[in-house]
Each structure stands twice: as C-alpha cells, then as structure tokens.
Amino acid sequence: MTSSAVLLPNVFQSATSREEERALLARCRAGERAAFDALLHRYRERVLNLAFQLLRDRHAAEDVAQDVFVRAFSKIHEFRGEAALFTWLYQITLNECRAKTRRAKTTLNFDDCEDEGGTGSTPEAEAMGKIALEGALDQLSEPLRVALVLRELHGLSYEEIARVLKLPVGTVRSRLHEARRQFQKVWELE
Amino acid sequence: MKTKNDDYDQLPDSVLPDSALRAFANYPQIAASPDFNRRVLERVLAAREPSRFDLFCDRLDEIFARPLLKLLGAATMGAVVALIGTGVLLLACGVSTPATQTEAPPVVAAREPGTLMADSLFLHNRMAWARDEEVPFEMQPEYFAPREDKFQTPARREKSGSEMEDKRSSSCPAASRSLV
Chain G
792 MTSSAVLLPN VFQSATSREE ERALLARCRA GERAAFDALL HRYRERVLNL
842 AFQLLRDRHA AEDVAQDVFV RAFSKIHEFR GEAALFTWLY QITLNECRAK
892 TRRAKTTLNF DDCEDEGGTG STPEAEAMGK IALEGALDQL SEPLRVALVL
942 RELHGLSYEE IARVLKLPVG TVRSRLHEAR RQFQKVWELE
Chain F
6 MKTKNDDYDQ LPDSVLPDSA LRAFANYPQI AASPDFNRRV LERVLAAREP
56 SRFDLFCDRL DEIFARPLLK LLGAATMGAV VALIGTGVLL LACGVSTPAT
106 QTEAPPVVAA REPGTLMADS LFLHNRMAWA RDEEVPFEMQ PEYFAPREDK
156 FQTPARREKS GSEMEDKRSS SCPAASRSLV
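Top line first, the protein sequences correspond to chains G and F.
The working numbering numbers the first residue of the first sequence as 792 and each following residue consecutively.
The working numbering numbers the first residue of the second sequence as 6 and each following residue consecutively.
Wrong hints could be hidden among the right ones.
Stated by the list, open to error - Listed next, with one range per pair, are the computed distances between beta-carbon atoms: (1) F:Ala-70 x G:Ser-932: 24 to 34 Å; (2) F:Arg-57 x G:Ser-808: 35 to 45 Å; (3) F:Leu-76 x G:Arg-820: 44 to 54 Å; (4) F:Asp-63 x G:Val-977: 37 to 47 Å; (5) F:Val-85 x G:Gly-822: 31 to 41 Å; (6) F:Arg-43 x G:Met-919: 31 to 41 Å; (7) G:Ser-865 x F:Ser-38: 16 to 26 Å; (8) F:Phe-58 x G:Val-977: 48 to 58 Å.
To be clear, the hints were calculated from the coordinates, so they are not data collected in a lab.
Ideal Cβ placement from N, Cα and C applies to all residues, glycine included.
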C-alpha cells in the first residue's frame with residue numbers, strides 16, 4: 792500500500808488528456824482490446840481506491856472495481872462523452888458501493904490495510920492517523936462523507952463533485968462546508 | 006432573484022486542521038491486483054459473447070436469408086397467418102351467434118297402423134297369395150269394410166300370444182315346459 796501521490800496518475804484533466812480519452816473511447820467502441828486495457832490502466836486505481844475508502848474492505852473494493860469496469864465497458868456506447876469519463880466511472884462506483892453495502896453490510900476491516908504497510912516516515916503515526924481519519928469519517932453521514940472523500944482524497948473540484956453526485960455546485964459547497972465542520976469537531980475530540 | 010444556492014455559493018471554503026490535512030494526504034492507497042485487467046477483460050468478453058439463443062436466431066436468419074427458403078418461409082408464414090385468421094374468424098362467429106336450439110327428435114310412439122294401411126296390406130297379401138297359387142283374384146266387398154281383426158294392436162297381440170300359449174300348453178305340456 793502506498794500514498795496517493797505515487798499511485799494515482801493526474802488524469803484530471805488537461806486538454807491533451809481529454810483528446811486522448813476521446814480517442815481511447817472511440818477505439819473501445821470499436822471493440823479494440825488494447826484501448827480497454829489503456830483505459831483500465833488509466834482509471835483502475837482511482838476507482839479501486841474510491842471503493843476501498845467507502846467500503847474499507849480490500850476484497851470488496853476489488854470486486855466493486857471490477858464490476859464498475861465491466862458495467863462501464865458493456866455500456867460504453869451509452870456514454871455520450873459530454874462529461875469526463877472519470878465522472879461517469881465515479882457515479883457507477885458510488886452506485887456499486889451503495890448496492891454492495893446494502894447487500895453485504897460490509898464492516899470496517901483495518902487488517903488488510905495494516906498488512907500492506909505504508910510509505911510514510913513513521914509508519915506507526917501514519918497508521919494512527921489513518922485510524923483516526925476513518926473514525927472521524929465514520930461519524931459523518933454518507934452524503935457528507937462521500938463529498939469529503941471526493942474532495943480531500945481524490946482532489947476533485949466542486950464542479951466535478953457536482954457532476955459525479957448530480958447535484959448543483961451550491962449544494963456541494965454547502966455539503967462540504969457542513970462535512971468539514973462536523974469532521975473538525977470529531978477530529979479535535981480525538 | 007436570490008436563490009438558496011446563491012447563499013451556498015457565499016460560503017467560505019472552510020479549511021481543515023493541518024493534522025487532518027496530513028492524515029488525508031497520507032491516507033494509504035491500494036494497488037490493483039496484477040491480474041485485475043485480465044479478469045475485467047475476460048468478464049467483458051464473456052458479457053459480450055452471444056447467448057445460445059442469439060446464436061440460434063442468427064442461424065435461423067442465415068437459413069431464411071437464402072432466396073428459395075425466403076420464398077418458402079414467406080409462403081408458410083402466409084399459410085399459417087391465413088389459418089390463424091380463419092380460425093379466429095370462425096371462433097368469433099361461433100362465439101357471437103348463439104347456438105341454434107335443436108329440438109330433441111320427437112319420440113314416435115309405436116302406433117298401430119291405420120285402417121287404411123291394414124286394408125291395403127291385406128289386399129296386397131291376398132293378391133300375392135292369389136298370384137302364387139295361380140288362382141283368380143276376385144275383389145270381395147268385405148275387403149273394403151273396416152276389419153278390426155285384420156291387424157292386431159300390441160295389446161291384442163299380447164293377448165292373443167297368451168291365448169296361443171294357453172292353447173299350446175293345453176295341447177302340448179312339453180312345449181310349454183320348454184318355454185319356461
């Protein structure tokens with residue numbers, strides 16, 4: 792397990808990368824396997840980690856990530872390309888995570904994360920910080936937690952979060968404000 | 006006009022404490038398993054693989070795309086449609102018109118033939134007898150008179166039968182025993 796800066800490529804979202812993405816999508820629609828592979832390579836870590844941050848279970852997250860890509864590739868013809876592909880993938884991921892939680896009532900699982908280890912200079916402090924962070928996030932309601940995760944862990948802009956959650960930007964802003972307020976309160980207590 | 010969202014837009018970007026920001030920044034990320042892509046692509050290909058029913062339909066399409074079979078198929082379909090149409094029409098007619106009330110055939114009671122019939126039979130028998138015996142047949146006036154004894158009603162026949170039986174039993178006791 793590594794920190795996000797190492798693993799996650801910055802795909803959000805220069806004009807060049809948008810052009811590349813369109814070309815990849817066109818090749819995917821034509822059924823080109825290499826294009827599927829390239830898109831997977833581009834987005835799989837993002838999708839996997841979002842699922843992991845919401846489910847806190849590595850195996851469940853991997854299953855969800857696979858389901859997301861299978862669903863996305865099966866319905867690639869329905870993607871109109873008006874928004875960036877990752878917003879669509881994030882929408883599917885959130886839906887899959889909700890469905891998974893409903894089905895399995897996934898419980899928190901810290902063991903997987905600790906087994907893999909971190910890259911920080913003080914692993915013990917990092918592990919403590921992780922546990923505290925997850926504890927504080929757990930105190931938030933699901934909409935607030937999702938908004939905060941998308942903003943702080945995935946670095947999405949307000950507009951991008953609004954697109955993923957299909958909400959007005961103002962609502963996203965208010966949710967984040969409230970999420971930060973509640974998070975801070977819990978964080979200071981811990 | 007000021008909306009609720011405008012109020013939200015005025016909210017300041019609240020900032021989290023440094024320790025929380027550090028925790029977010031250092032939050033560990035997981036890497037996908039090495040065979041992640043392969044498994045996903047296998048599932049995608051499996052999902053795209055046509056089902057057996059689709060293959061069957063494709064095969065049918067292929068067969069009926071040939072000119073002669075196309076014609077035969079169209080003719081068969083036409084016949085089937087015509088048959089179904091006729092059936093439906095007949096069924097509709099049968100349902101819409103009430104069944105005609107059929108009377109039970111009248112029970113014809115066994116009646117004794119009329120006098121006229123009995124007379125003509127009598128005459129016919131007499132004429133046939135005369136022809137067979139080669140004797141001249143002469144019409145007698147009593148032939149035309151109503152003769153009740155010329156024909157026996159069932160009641161009379163029964164009566165006469167019992168009389169005959171009585172006579173038989175009196176004349177021949179063995180015969181009457183055998184009848185019993």
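Unsatisfied constraints (hint numbers, rising):
The structure conflicts with hints 1, 3, 4, although it agrees with all the remaining ones.
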